[in-house]
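A.B. asks: If you read the protein sequences in the order shown, they are chains A and B. Its first residue numbered 1, the first sequence is counted upward by one per residue in the numbering used here. Its first residue numbered 125, the second sequence is counted upward by one per residue in the numbering used here.
Please note that the accuracy of each hint is not assured.
The calculated lysine-lysine pairs, modelled on BS3-like cross-linking and capped at a C-alpha distance of 27 Å, are [claimed, not checked]:
1. Lys389/B to Lys112/A
2. Lys478/B to Lys427/B
3. Lys114/A to Lys258/B
4. Lys329/B to Lys119/A
5. Lys112/A to Lys512/B
6. Lys389/B to Lys7/A
7. Lys148/B to Lys329/B
8. Lys114/A to Lys349/B
9. Lys507/B to Lys114/A
10. Lys376/B to Lys112/A
11. Lys286/B to Lys144/B
12. Lys49/A to Lys7/A
13. Lys75/A to Lys7/A
14. Lys349/B to Lys99/A
15. Lys6/A to Lys349/B
16. Lys112/A to Lys7/A
17. Lys144/B to Lys112/A
18. Lys342/B to Lys112/A
19. Lys112/A to Lys257/B
Under 8 Å between C-beta atoms, here's a sample of chain B residues computed to sit facing chain A [stated by the list, open to error]:
20. Ser305
21. Thr313
22. Met315
23. Met324
24. Asn365
25. Arg456
26. Ala460
Note that these hints are calculated values from the structure, not bench results. These figures come from a predicted structure and were not determined experimentally. We put the CB at the ideal spot given by N, CA and C, even for glycine.
This is what each chain is made of:
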Amino acid sequence: MADNEKKIIIFDDDEDILAICSYILEEDGWQVTAFPDCNNLIDHISTIKPDVILMDNWIPDEGGIVATQLIKATKSLQHIPVVYFSANSDIETLAATAKADMYLPKPFDLDKLKEILTKALTIS
Amino acid sequence: MINVVSISLENEMDLVLAHKRSMKLAERLGLSTATQTTFATAVSEIARTVIEHTDDGILEIGLEQNQTRYSLMATVSYDNSIRFTNNDAGFYYAQKLVPEFDLTETVDCNLIVMKIGLPRSLKLDPVKINILKKEFANEQPINAYDEIKQRNARLSQIAHEKDEELRRTKLVDEKKTEFISIASHELKTPMTVLKAYTQMARGTKEPVSDQLRELLSKIDFQSNKLLTLVQQLLDISKIENGNLQYHLQPVKLNDFLNQQVEVMKHILPHHEFSINYCNDVDVLIDELRMEQVLANLLGNAGKYSDKQTKISVETMLSDEGAVVVSIIDQGRGMTAETMTSVFDKFYRAKDVLKSHTGLGMGLYITSKIITDHQGKIWVESEKGVGSKFCFSLPLVTN
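In isolation and in its complexed conformation, chain A is listed as follows:
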């Protein structure tokens, strides 16, 4: 794969969501890596060096808030934009607590998904 290909990591424990996002984003030219939990996430992110991270609120084991805070507290990774997504109605507050850069409420429109990730690329 070419080095200039845009890369994304998705953290979500719902297989269908992972499948859908992977399908849609790969079609849109993304190189997608998906994880059903956030164990060893610093290692994963450091190896893959994604351009954007899509983080679910309800992710085993620690949850999206702790995971995102961890990313944002790691010097080498904190510049990577994190898009927080959740079906929780307080997503805005959750995203702010997690220190995520953007958020996307579930259920989302597939075009909205592409749109917000493209936007995230511009801030990375």
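Since chain A is already given, all that's left is putting chain B on it; use the hints.
C.D. replies: The following block gives chain B in isolation, referenced to the frame of chain A:
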């Protein structure tokens, strides 16, 4: 102990009650006058000693069964920091009066127990004791003080029950709101998947027959409808929690309304829309929430009117520094009765219960959003002619 009488020992006036009630119980049991007096004196001596030291002592008088025999018994409990010695005259004297006298000092409280064994000849049995208990429970107050005391006790019991009821209602309410919130979250996750797969199927590059395309668009339409319902449930739970938050921004009203009408034209393609605005004004609104209001009011206008009829949107400046937005349809209209309740939570008019689906949440949420914007909402309607929903919004003043 089978408790018959209970008296809180707060002040000297309770001594009178303690003495009279002890006498009365001993008398009702059929004891001799001498024994009645002995028992009552012992009880009041201890009560007096306790009252001298504290105001939270409790006297209880009743019966204790010991195999086939009964004893007349009185207990006085009081703060464990208070220690009686034989220098306390009453304490010393009472011990001489009753055959059984016992003082236990525990970490919780100190307890004095006095007993007089009752002769078998009194022929006590559970039935008699129950009658006695009832008699004392319903006894008229001995004096004015007793009356006030009884009334106070009743009042504080009622207050306690009310508190408990309130606490329970609040708990049930919280649980309900929490349930709605969790349920709608859980519903949203499969909705996300359903919607996305539908969208993927509709967007596939593989050949799709017209019939399948039609089916997919119906699935998409229905899942959007389901989503709106879930969102409304969530909004209701937020309203109940007082968590509905607004991001207010100044917005040009006419532009905003135009956008909403354009969106609704796609959703209601068989209706004719007409607009008639006054000069453009700035209003302070949360755009997303106000979109919800317009979608609800315009959606209702379409839902309750026939195809090919007109839906008008008008604005007008009011005298009170507000702008009034009206949504007018040529639909079925409503009765006066419906008009009074149409903004109530879960209200559904009888005449549309079967013909039109819904949960009665839309207008409730809409009215809440409008009042939260310091606006007013009302309806004018005539059965068979149409309805006019109006809401006002305060103007942004510079």
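A.B. asks: Hints the structure violates: just list their numbers, smallest first.
C.D. replies: Numbers 3, 5, 6, 7, 9, 11, 14, 15, 17, 19, 24, 25 and 26 - these are the hints that the structure violates, sorted from lowest upward.
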